[in-house]
Structure formats: structure tokens, C-alpha cells
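S.K.: Protein chains in written order, with my numbering: chain H, 1 to 100; chain E, 1001 to 1519.
All the given hints hold, so there is nothing to weed out.
Distance condition first, Cα-Cα at most 27 Å in a straight line; then the derived DSS-like pairs of lysine-lysine: (1) E:K1368 with E:K1321; (2) E:K1512 with H:K67; (3) H:K75 with H:K5; (4) H:K75 with E:K1478.
The set of hints was computed from the structure by calculation and includes no laboratory data.
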Amino acid sequence: MEILKPAIAGTMESSDAQVTIEPGTAGIELTLTSSVMNQYGRQIRSTILETLERLGVASARVTVVDKGALDCTLKARVECAVFRSCGQSAANIPWGGAVR
Amino acid sequence: MKNAVGREIPDALLTGGREVYQGKNHMDGRYIQKAAPKTRRCEKPQESKVVESIAQALRQCKAANGMTFSFHHHLRDGDYVVNMVMQTAIEQLGLEELTIAATSLGSAHDPIADYIEAGKVVGIQTSGIRGRMGEVVSAGKLKTPAVIRSHGGRPRAIEGGEVHIDIAFIAAPTSDCMGNCRGIGGKSNCGSLGYAMTDARYADHVVVITDCLVDFPNMPASVEAIDVDAVVVVDSIGNPQKIASAAARISQNPRDLMMAEDVAKVIASTPYFKDGFSFQTGVGGPSLAANLFLEQYMDDRGIRMGWAIGGICGPMVELLKKGKVGKVIDVQDFDLDGVNSIHQTPGHFEMSASQYANPANKGAFVNKLDFVVLAALEIDTSFNVNVLTGSDGVLRGAPGGHPDAAAGSKCCIIVTPLIRGRMATVCEHVVTVTTPGDCVDVLVTDYGIAVNPLRPDLIQCLDAAGIPHVGIETLKEKAYALVGTPDDLEWEEQVVAVLEARDGTILDVVRKIRPFTLG
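Bound-form chain H, shown alone (with noise of 0.2 Å):
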């Protein structure tokens, strides 16, 4: 997918992490701060990067500001972000498919 537009899901609350997504040219260009950063920075990192793989994006700037979120979270918040950023969040939403 294509990041058309600046796009932000989630919020700053215990539990949570905001994810913002913006238009990029250089591939994925991440940004993470996270409240767990010494024992799960690693896991997060990747769960986020694994996610933008499985919706096929290939470019985007993406801030991350996690707040001890577990994986299910930070998958939903990046899908939403992702889908936010191309104007697609409204309807036909990939159920099972890239999105589970």
C-alpha cells in the first residue's frame, strides 16, 4: 500500500502507543520511543516492521511512541495508521486477509 497522506491511530494512555505515518521515499524510516524499551524495544521493532511488510508498504516515515502495548495493540495501530494514511479506513477493510 501506498501512504498517500499524514496519518495518526492510537493514543499516549498506559498500554497503548501512538503510531504516526507519514509519506516516505526511502523505504521504512522508524522512529520508536517505548516506556519498555530495554526489555522489548527488539520485539516491537520488528512486530512493527513485520506488520507495514504484511500490508505492503515499502515506504513511509513512521513515529512510534509506545507505552508498554502488547503485540496485538501495536499490530491494530499500525493497520490502522496505514489504512488511515491511504483514505481506505472507511469501508472494505481486508478482514482475514492482510488485516487478522
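Since chain H is already given, all that's left is putting chain E on it; use the hints.
M.R.: Just chain E now, with coordinates in the frame of chain H:
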């Protein structure tokens, strides 16, 4: 050298007869040579000990470079006294190379972090360390490793001369002109002054700082004039709103209540739950709520609690007033109900930290405890508990009386949710061992109960009562299934804090955290 909880203790720390932790009651029966202070004779009658300023009191007590100043933490996050004294000593008198020996320190003391960074404060001895001070110490900026002790370990170390206090500062809600202090009757009341008592008796000099001077004699005194050199009257010793909260409320969170109910069930299943039993609980959500459910079991069986100790708050005072507990013995108050009850409600007494928890004396209350209910930041599969370092390895907590009550009690119950956000509370290895697993008996979580295999008698009790329980490994696996297996923290070599077991052996060390890169 590896100690009994599997922690590698650097040999460089094992000097002067210092040993590594070798299991509970290891020091039992040994003799301790008590260290007496060198105090000034006040033979000539004085009208008053009130002096004009903290600076004058410091000069009178011959404050000098390299000294150890002690403080107590009854004013909690409302305390102004530590900062006031250190600012005067460093900025007005130009002192340096100072050590702060406090019963605990909190985020109220953030400004001290600047004095650590400037090299003016070179040593910290405390139970709690949080906020900016925790951060700068964890970053390796304190000249000597901080020494972390439990509330019982501190009076042991003072009495044994391991900590020599040059000047003790007593933050007193009321004092008379000679230095008889109480924690009540003023405008910044804190109730018990239990943590200050050993300091006052073993320091070379004692300075009382109060914001409410009362008529002589201020009786019954918690800290007595016979130990006091000078009294300073200031505008305010602390922010009353932060000293004692309005009232510790019992949690309405259904998860907390469920765990609290399980705690009460476990307690009621043991042979120690009989008329006259003794009890200590923390003020955390599920620990405090356990009071509520316990009361139901007491009513059902027609029994009363004999006595309760610890940090005291409203729900315990209420049990006392209802006649459901015989006596409450109080080292610190957490809310206004506790503050307003001590010395007022019949049966509500004050005690010193030594009387509360010192493992080297001959009658600490913790040793007579049947039950203690405590919280944890982390607990590992060997039942070791961490209440000091966060999941990033930074100092942000306090052992407090946790290790003392756990070691002394017949049944120590840890109650904690299995996970907090993405942090697994039940884990393979805790970051820092603050209470050794041989002192912990039962773990209650929202996903199940585990009993320490060292206590087959308690396993039988739970089985007989039909309370389901699992191995602690099962709980750890459940936690990791939810949040993932955490990566190990990465450390530098430098030791930033030494964690003493309550008996004075070394339980663990905290090293400088290596800055994290995703790499």
C-alpha cells in the same frame, strides 16, 4: 563470589569481614558491638536550645566536610527538610564530600540530584531512591556506590557502627524549646516518628527542625530533649497535602478485589489464622483491600486480630476502633486517619524502626508476625522479589520493611497482577533481588496462586481448603505468553548501588545501565 540467591557479588566489596547473603537467619546468635556516639555535655542549665537558623545550628554542631547527615522520611513526598538542610550546608557553609543517610528518599528530593552531579554529595545511604536522584545514581554519577538498606537493616547498621551519623536532623511537626518532639499537634502532622528514634540516639549531634514550637514539655516525646543539641524554627517543614493523603481508599478495581479475596482465603486456610493472630499489610491496592475480606473471615470464625504493625492507614484504624484488632503498633502513618489516631485511639502505639524490624535486636515486632501481605514490582521463579529497580534497571523504589516483614513472618504473601502493561511481574530472573525467595511463601496473582516449594505445610493447607494453585513456572510462562519474553538488560561494570540484606550481608548489586540502542 556468588551468594545464596545466585547473584555475583564483586570481591572488591567483600572487605572488612563483609559477607555475601547466605540465607535467612545466618547471623543468628552472633554478637554485635554497639557503637556509642560522642555527644556534647549540656551540664549548665539552658533556657532554650532554639537557634536562629539552620546555618547556626550546623555551626554549633561543628558541621564539616566529609560528614554524614541523617534524615527520616515521615513527611514523605511533602518533605522540605532534606533540601533545606543540604542547601544551607552546601551553598551557605560551602561544605562538600557529604553523605546523606536517610530512612528513605523520594521525588521531593530531586534537587539533591544537582548536588550529586556537582560532586558535593558523595554518598547516599537510604531505603528508597526515586525520581532524578535515582536517575543520576543509576547513571553512575555518585562518587561512591549508594547503600540500600531495609527499615530493619538501617538501625542494625547504625547500632553496629557501620553507619556513623555526625548530625541527625529531625523534622518535627511539634517541638518544645529543648527538643522534645512529637509527630502530632502542629500544622504539618505526620503521626509516628518511629524512623527518627534510632538516629537521635546514635548521632553525635541532633538538630530538630520544626514549624510549630509548643510549650515545654512536649509529652510524651517521640524524640527526647536529652539527645537534642539545637532546635530551629522554620516557616514550614513540609506540604501537609503530600505528607498524609486524605484517606487511603480501598480499591474498587475488580482485579484488585479478586486478588484480595484470594489473599484472605489463603490466610484463612492456615493454622495461624486463629484468635489473637498478628498481621501487617501494605497500602497498595490489593494488599489494602485484603483487610476488607479478612474482616469477613474473622467475623465468620468469631475471632479477633491480636495486633497489627507497619505503616498504618485508615482501614486498620477502623478495625481498631471497632474492637476487631487489639493493638496497632505504628512506625509510620500513611493517611490522616492514621495521623489523627496515634496516641489518641486507645491501643494505637508508636514504635521505633529498630523495634519494628531490626534483625540484630532481641525483640523486633516482625519476628512475632503471623501474616504479612506485600506487593512486588517483580517476582521470579525462585520467589525472589524486586521492589527497587524498574524494568529499565533504574533505581526507582524502596525495599522499606518488605525484606524484614517477609523474613520475620510465619506466612509472607506477595500479591501482584501477573502483568503490568507490557511488564511481566512474574519472571525468570528479577532485575534486583531485594527480598530473597527463602522469605517468601505464597504468591497471589490475577491468573493464579503459587506456593513456595519450601513450604509443603502451606501447600497442604491450600489443598485441604480446596484453593487451586499452580507452580510459579506456569505463571511465568503465562506472563511471557501474553507479553513476550523480555530481553536481558545490558549493564556496564560499574556498581552504582549495593543492596544489603537486612542482616548486613550483600544480597545484590545494581550496576550502571548501558544506554540502549536498537542496533
